[in-house]
Amino acid sequence: MAAAAGLRALGAKGSGWLQRGPWAPLTTGFCSRGPAGIGRPEPGPRPTIARQRDGIRNIILSDPKRRNALSLAMLKSLQSDILHEAESQDLKVIIISAEGPVFSSGHDLKELTDEQGPEYHAEVFQTCSEVMMLIQSHPVPIIAMVNGLATAAGCQLVASCDIAVASDKSSFATPGVNIGLFCSTPAVALGRAVPRKVALEMLFTGEPISAQEALLHGLLSRVVPEERLEEETMRIARKVASQSRPVLALGKAAFYRQLTQDLRTAYHLTSQTMVDNLGLPDGQEGIKAFLQKRKPIWSH
Amino acid sequence: MAAAAGLRALGAKGSGWLQRGPWAPLTTGFCSRGPAGIGRPEPGPRPTIARQRDGIRNIILSDPKRRNALSLAMLKSLQSDILHEAESQDLKVIIISAEGPVFSSGHDLKELTDEQGPEYHAEVFQTCSEVMMLIQSHPVPIIAMVNGLATAAGCQLVASCDIAVASDKSSFATPGVNIGLFCSTPAVALGRAVPRKVALEMLFTGEPISAQEALLHGLLSRVVPEERLEEETMRIARKVASQSRPVLALGKAAFYRQLTQDLRTAYHLTSQTMVDNLGLPDGQEGIKAFLQKRKPIWSH
Amino acid sequence: MAAAAGLRALGAKGSGWLQRGPWAPLTTGFCSRGPAGIGRPEPGPRPTIARQRDGIRNIILSDPKRRNALSLAMLKSLQSDILHEAESQDLKVIIISAEGPVFSSGHDLKELTDEQGPEYHAEVFQTCSEVMMLIQSHPVPIIAMVNGLATAAGCQLVASCDIAVASDKSSFATPGVNIGLFCSTPAVALGRAVPRKVALEMLFTGEPISAQEALLHGLLSRVVPEERLEEETMRIARKVASQSRPVLALGKAAFYRQLTQDLRTAYHLTSQTMVDNLGLPDGQEGIKAFLQKRKPIWSH
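These protein sequence lines map, in sequence, to chains A, B and C.
In this text, residue positions in the first sequence follow numbering that gives the first Met the number 0: the first is 0, and each later residue adds one.
In this text, residue positions in the second sequence follow numbering that gives the first Met the number 0: the first is 0, and each later residue adds one.
In this text, residue positions in the third sequence follow numbering that gives the first Met the number 0: the first is 0, and each later residue adds one.
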């Protein structure tokens, strides 16, 4: 697990919120792409960029020339950035965004020709599935911030995040069927996010839905005008980052576990989760602070 | 089972539909809170009020000074009012509403401090879970009528009802995370009512959603202007109360049972339910009445 | 299996898109209702009409005088038309529509009186359930095109299709409860399409929802003005028909199978589906065509 090399500092970019304000460079381990500096960093071997400030980690799909295709390299880079010091109490929330007009176009088709062969194909889909499941099993909330087109495994990535905020110009599609490759793995995440009729029309026709439709049907939690996308995403991220990390971790794990259980089992599990939560130092601190009408001071 | 003491007559209240028209007092057993009279009744030991007319039982969370907190006493009172003569053919539908600007603020935090200890905490969550499951297993439809803020276990109560009608000024939140207590048990009901991204944004940020958003995402079945809330809820309740009680009971039980089954098992179960339904006296009476173009006369 | 007699040619009808353009008559086996000709065909023993062109099969519920009731004869006729040459590579997509102002009123109540008895009732519900499950297990996508009222098992039929397009004047209800027969089998499909509160209000009150509400809640994938219904449905059908049939069949089967699995199992299944898909001739042809910037030529 090469997670230690997972995060790199972001050099100053042409636009966007990442370079506004004093984003401190991370540890050397994070800065594997070379020194941050004025101007666009030279393209390196790793196609994601990550940095972290105030508990908020930003991971940016950063291969716009290839429409941020989820190549095996991109998937491993993303996985590494998500896993990097996942247990650190300094990490509170992760935002996944993308550079350029396409959030992500999904798998890199050059990796799926028969020259590569079924074993390589299997590795691609297995790695992709692991990244998507990692998002759910990760201890901190993970937010997708989408500004543009997200297709196929790119749409799957949005559907797999805990929260998804998009600009109103964004759109979403699973167009694999157009090139004879049905979006079966994206359908796992899509089919758990939107009603099945919406999912099937997308899967069978390959046609996109708008951000508003995606919100209507549950693929997004929020849609905002493009100029407010970063502000709104950061507002949510800061709110999440202000919470107790152990409490969020406990709650997130319980949420996904109970979701597929029968009602009695789900209540049995979560009632125990509530008791465990109250046994955490932050559980008692929060209630005491509330009753004493003061701000809680979390243990981390 | 203290159900016999579960329902009390409502004294005349300052406003609201309950005192409009000739609501007959219920049996003595229901009137444990003291005589109904002019003016607000004195606060008694039980924090819910219930009365019944024309097959419609109204249960009112009636502790507005404590924002209708679901204390253990409130939960037991609610449970008792729901269970009271549940098998009586005179009961057709239950409405749960609340007094004051807050529908319910969820658990009483004073019951969750470490002075009480984990055993007491466990009793609180277990009782709460039993009430929520009771709503689903109860033979008659249960409607939430919401006019105001419903948070945490209060939001869970709305999500657990079969039908939920709210005024457009209502809002819904699971803010436990703000005080270090993730709303894990409310998440069971919430996660089965709204898309997971909506649920997780609510759970991770603690921020409220409006009634319109709640309708959009499936937490409510209907939103109306405040001045039409009682009228619309009563219209639905009367429609439900006009149906055959044994038919509703059979159908409600089958609905929840099939919902988590695989498709083939679900159709096997419900096909048998249909045959059983036709074997009920009301099943044949309804069809005969329809074919004879007359109103059915139900057996109860 | 009387599928060979399942499809009949449509005679020229008074209105509608089916007779526009050169719809070739199908094989003799399809034309069991008599010769196509000017004017309305004489009512025959089979209450559905079907014909096929350019890979698109149209099945029309064609008993408007009885509000297209899903009698046992109608269900068997529909089943036969769906199953007819289901494995033929010439069939790409099926549209189910209806003649007259009512899409379908559900079961024929004359078949559900106690004169028929529980064995006959069981056959009706079992056949109906088989048709609904057949829609999901069928290798090609099946689209409901709704222009009018769809109630009870008629609403179930819409909910069971893969895609559902409706005119804005359409409406949907499960009113069985009004005649003492709770829509328990329709609830299987309805409860998997819309949020449970919406489903339960429909089931408990019997009241209809509009096409817009049905879209909002996931029962439909698309709503259009009545005058654009055929055009929009045909646009979707043609798009689906332009895809590779084996790819669609693989993807459709995987979609429904993974939907009820836990996440890990679902990704394991669908990752294998992706690899299998790439192993299909059309899988490699599609990717090659894309990389070579040309239109793919499917094997069928």
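One or more hints might be untrue.
In this list, chains with the same sequence are indistinguishable; a pair is considered to hold if it fits within one copy or across any two.
Distance condition first, Cα-Cα at most 20 Å in a straight line; then the derived SDA-like pairs of lysine to any residue [unchecked claim]:
hint	residue 1	residue 2
1	LYS109	LEU279
2	LYS287	LEU258
3	LYS292	LEU108
4	LYS287	ARG234
5	LYS168	GLY54
6	LYS294	ASP113
7	LYS238	LEU90
8	LYS168	ASP107
9	LYS64	PHE289
10	LYS109	LYS294
11	LYS287	LEU268
12	LYS238	ASP113
13	LYS75	SER166
14	LYS238	PRO63
15	LYS294	GLU225
16	LYS75	ARG237
17	LYS287	TRP297
18	LYS287	LEU108
19	LYS109	GLU86
Simulated from the structure, these hints should not be mistaken for laboratory data.
Small disclaimer: the values here were computed from a predicted structure and weren't measured.
How the hints compare with the structure:
1. LYS109 x LEU279: For LYS109 and LEU279, the Cα distance is within 20 Å only across copies (17 Å; inside one copy 49 Å).
2. LYS287 x LEU258: Close neither inside one copy (30 Å) nor across copies (41 Å); limit 20 Å.
3. LYS292 x LEU108: Classified as between; 13 Å across copies, 57 Å inside a copy.
4. LYS287 x ARG234: neither (26 Å within a copy, 44 Å between copies)
5. LYS168 x GLY54: neither (29 Å within a copy, 35 Å between copies)
6. LYS294 x ASP113: between (60 Å within a copy, 19 Å between copies)
7. LYS238 x LEU90: So LYS238 and LEU90 pass the 20 Å test inside one copy only (14 Å; across, 46 Å).
8. LYS168 x ASP107: Answer is neither: 24 Å inside a copy and 44 Å across each miss the 20 Å cutoff.
9. LYS64 x PHE289: between (51 Å within a copy, 17 Å between copies)
10. LYS109 x LYS294: between (54 Å within a copy, 17 Å between copies)
11. LYS287 x LEU268: Neither, since 25 Å and 48 Å both go past 20 Å.
12. LYS238 x ASP113: Neither way: LYS238 and ASP113 sit 47 Å apart in one copy and 27 Å across, limit 20 Å.
13. LYS75 x SER166: neither (27 Å within a copy, 46 Å between copies)
14. LYS238 x PRO63: The answer is neither: 30 Å in one copy and 29 Å across copies each exceed 20 Å.
15. LYS294 x GLU225: Neither way: LYS294 and GLU225 sit 34 Å apart in one copy and 34 Å across, limit 20 Å.
16. LYS75 x ARG237: neither (27 Å within a copy, 39 Å between copies)
17. LYS287 x TRP297: within (12 Å within a copy, 56 Å between copies)
18. LYS287 x LEU108: between (56 Å within a copy, 9 Å between copies)
19. LYS109 x GLU86: neither (35 Å within a copy, 32 Å between copies)
Consistency note: the structure conflicts with the earlier hints numbered 2, 4, 5, 8, 11, 12, 13, 14, 15, 16 and 19.
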